[in-house]
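K.L.:
Chains as they are written, first to last, in the working numbering: chain Y, 1 to 112; chain D, 1 to 111.
Watch out, some of these pointers could steer you wrong.
A few chain Y residues that don't get close to chain D, going by computed Cβ distances all over 10 Å [unchecked claim]: (1) Arg22; (2) Pro70; (3) Leu82.
Here chain Y is said to cover these stretches of chain D; the calculated rule only asks that three of the stretch's residues, wherever they fall, bring their Cβ under 8 Å from a Cβ of chain Y [to be verified]: (4) 21-31; (5) 43-56; (6) 88-98.
A partial selection of chain D residues facing chain Y, derived with a Cβ cut-off under 10 Å [unchecked claim]: (7) Val4; (8) Gln6; (9) Glu15; (10) Gly16; (11) Phe101; (12) Glu103; (13) Gln106; (14) Pro111.
The hints are simulated quantities; they were obtained by calculation from the structure and are not laboratory data. From the three backbone atoms N, C-alpha and C, an ideal C-beta is built for every residue, glycine too.
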Amino acid sequence: DAGVTQSPTHLIKTRGQQVTLRCSPKSGHDTVSWYQQALGQGPQFIFQYYEEEERQRGNFPDRFSGHQFPNYSSELNVNALLLGDSALYLCASSTTGNYGYTFGSGTRLTVV
Amino acid sequence: EDQVTQSPEALRLQEGESSSLNCSYTVSGLRGLFWYRQDPGKGPEFLFTLYSAGEEKEKERLKATLTKKESFLHITAPKPEDSATYLCAVTSGTSGSRLTFGEGTQLTVNP
Chain Y
1 DAGVTQSPTH LIKTRGQQVT LRCSPKSGHD TVSWYQQALG QGPQFIFQYY EEEERQRGNF
61 PDRFSGHQFP NYSSELNVNA LLLGDSALYL CASSTTGNYG YTFGSGTRLT VV
Chain D
1 EDQVTQSPEA LRLQEGESSS LNCSYTVSGL RGLFWYRQDP GKGPEFLFTL YSAGEEKEKE
61 RLKATLTKKE SFLHITAPKP EDSATYLCAV TSGTSGSRLT FGEGTQLTVN P
């Protein structure tokens with residue numbers, strides 16, 4: 001039973017560049033959420049996608065954008081990277097109305 | 001705005017030494033309180049969901065309880081493999097389905 005798959009696992013980018021992170025949800029799940037986790041802190045909600053639309057958004061600037069595809073997979077895009085964007089980016093999937101989220105192992109983004 | 005505070009920030013136990021982790025929350029209309037375990041460099045792993053005050057759930061050496069203001073994660077006779085960061089999160093009527101996390105408690109169990 002494949003869980004949530006995220007790629008890449010690690011990424012190093014230069015300040016000002018753009019990055020795209022990818023997520024394949026657990027089989028049977030149709031809702032994808034993205035979280036940012038800075039070192040030593042709890043995850044912070046970025047946004048959630050359902051039926052290819054952004055359903056909820058956290059307190060993140062417009063530099064953070066996303067997309068959900070018809071097969072429920074999702075991408076997180078971050079433009080004009082800042083040093084402070086360095087973090088573990090987590091994808092979580094679930095079924096609509098069910099709060100049983102399954103998390104992926106994350107993408108470790110380092111901005112230099 | 002939902003708020004979650006976990007204590008202590010870090011806890012060191014000897015193998016077999018039982019203890020409890022605390023999660024205090026402030027929400028408008030709790031929908032669910034969640035406990036997750038997170039190992040270094042990995043994503044959170046789901047442990048429990050609690051929905052109403054008085055509810056309790058158990059899994060192996062872990063037991064989670066819920067009151068109207070806080071939740072406890074009791075660890076009975078811990079083993080070194082229980083070492084991890086334990087995260088508490090809530091969803092509420094105002095936050096929808098988004099999870100609001102605390103900062104976590106880093107647990108170390110020494111053999």
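K.L.:
The structure should be examined with respect to each hint, and the outcome stated for every one.
P.N.:
Results for each hint:
no., hint, in the structure
1, Arg22, "holds, 15 Å"
2, Pro70, "holds, 21 Å"
3, Leu82, "holds, 22 Å"
4, 21-31, "violated (count 1)"
5, 43-56, "holds (count 5)"
6, 88-98, "holds (count 5)"
7, Val4, "holds, 8 Å"
8, Gln6, "holds, 8 Å"
9, Glu15, "violated, 25 Å"
10, Gly16, "violated, 28 Å"
11, Phe101, "holds, 3 Å"
12, Glu103, "holds, 5 Å"
13, Gln106, "holds, 9 Å"
14, Pro111, "violated, 25 Å"
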